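Asks: Letter by letter, the chains look like this.
Number of protein chains: 2
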Amino acid sequence: MFKKILYPTDFSDVAQKALDFIKELKNAGAEEVVILHVIDKRFFDAIAWYTTKDLPEMKRDLLKEVTSEIEPIEKELKDLGFKVKVRIETGDPFTEILRVEREENVSSMAIGSHGVSNIEEMFLGSVSEKVIRKAKKPVHVIKR
Amino acid sequence: MFKKILYPTDFSDVAQKALDFIKELKNAGAEEVVILHVIDKRFFDAIAWYTTKDLPEMKRDLLKEVTSEIEPIEKELKDLGFKVKVRIETGDPFTEILRVEREENVSSMAIGSHGVSNIEEMFLGSVSEKVIRKAKKPVHVIKR
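Read top to bottom, the protein sequences are chains A and B. Remember, our numbering sits 3 above the position in the first sequence when you count from 1. Remember, our numbering sits 3 above the position in the second sequence when you count from 1.
Hints are computed from structural coordinates only; laboratory data are not their basis. From a predicted model like this one, the values you see are computed outputs, not experimental measurements. Check before you lean on any hint, since a few could be wrong.
You can't tell identical chains apart in this list, so a pair holds if it fits in one copy or across any two.
No farther apart than 27 Å at their CA atoms in a straight line, the calculated lysine-lysine pairs in the DSS-like style are these [stated by the list, open to error]: (1) Lys62 - Lys137; (2) Lys44 - Lys137; (3) Lys44 - Lys62; (4) Lys56 - Lys6; (5) Lys81 - Lys133; (6) Lys86 - Lys56; (7) Lys26 - Lys146; (8) Lys67 - Lys139; (9) Lys81 - Lys137.
Extracted from the complex, chain A is given alone in its bound form (with noise of 0.2 Å):
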């Protein structure tokens, strides 16, 4: 049941709570943790318009600064004796999630309730909610 984790993160307080739930999973038989970042398509096209950068360098930064955020994250992990794989998607997140999901063929994914952006959450609902209702396997719902 928890042998590889999805691990989908938007590296909020209630993501980083997901992350403590998998690292307690260790002895329940959990072994590798796949780490998810999706980077919001409509962030990506907003950036893209502001920037005066042209779009390989701009991907180049945006990519920099996930890895960054990811990397702490990674090290933490495999510390613990996890194996690791780390993925960084573009798109939506709610599909991209679920792709990830299937191609990976994990056995539970750990996500926080909510993620980063609360307003749009209250008028669109949760990313969260939409991965759960679709997941093929069990989601473990962390919560604020």
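Since chain A is already given, all that's left is putting chain B on it; use the hints.
Replies: Same frame as chain A, but now just chain B:
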């Protein structure tokens, strides 16, 4: 995180899968399980309207039926070394699950993504979705 787990069950297949999940948490530090069955008030009222028996007798029958469903689950968990508490409540399942979550001060909850009444859920949203949204503690959502 897993010390005391709430297990709301409507005895559906997916609730059975949630039980399998809980059993796997034994090695991650799970000690106690609170088995909860909520007798839906509307279901109760419908039977009360239909039956020719008097109310106390009908209540006894219902309780006997529910107890006979819970007993093997209770035994199974106890045999695995869990401490077990059984709660049978009557009311709105959503409200009762959240009430017991708070009253019992559980560490987390394992729940099926869908209950037994599919058609109703299609229109009203599932009990689980409402519970996930309002729960205070982590929710393990087990999929069909």
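Asks: Compare the structure with each hint and give your call.
Replies: Verification of the hints:
1. Lys62 - Lys137: neither (30 Å within a copy, 38 Å between copies)
2. Lys44 - Lys137: For Lys44 and Lys137, the Cα distance is within 27 Å only inside one copy (20 Å; across copies 29 Å).
3. Lys44 - Lys62: within (12 Å within a copy, 56 Å between copies)
4. Lys56 - Lys6: Answer is neither; intra-copy 42 Å and inter-copy 52 Å both fail.
5. Lys81 - Lys133: Neither way: Lys81 and Lys133 sit 30 Å apart in one copy and 36 Å across, limit 27 Å.
6. Lys86 - Lys56: neither (36 Å within a copy, 61 Å between copies)
7. Lys26 - Lys146: both (16 Å within a copy, 22 Å between copies)
8. Lys67 - Lys139: Neither: 31 Å inside a copy, 35 Å across copies.
9. Lys81 - Lys137: Result: close neither inside a copy nor across copies, 30 Å intra and 34 Å inter.
Comparing the model with each earlier hint shows violations of hints 1, 4, 5, 6, 8 and 9; every other hint is respected.
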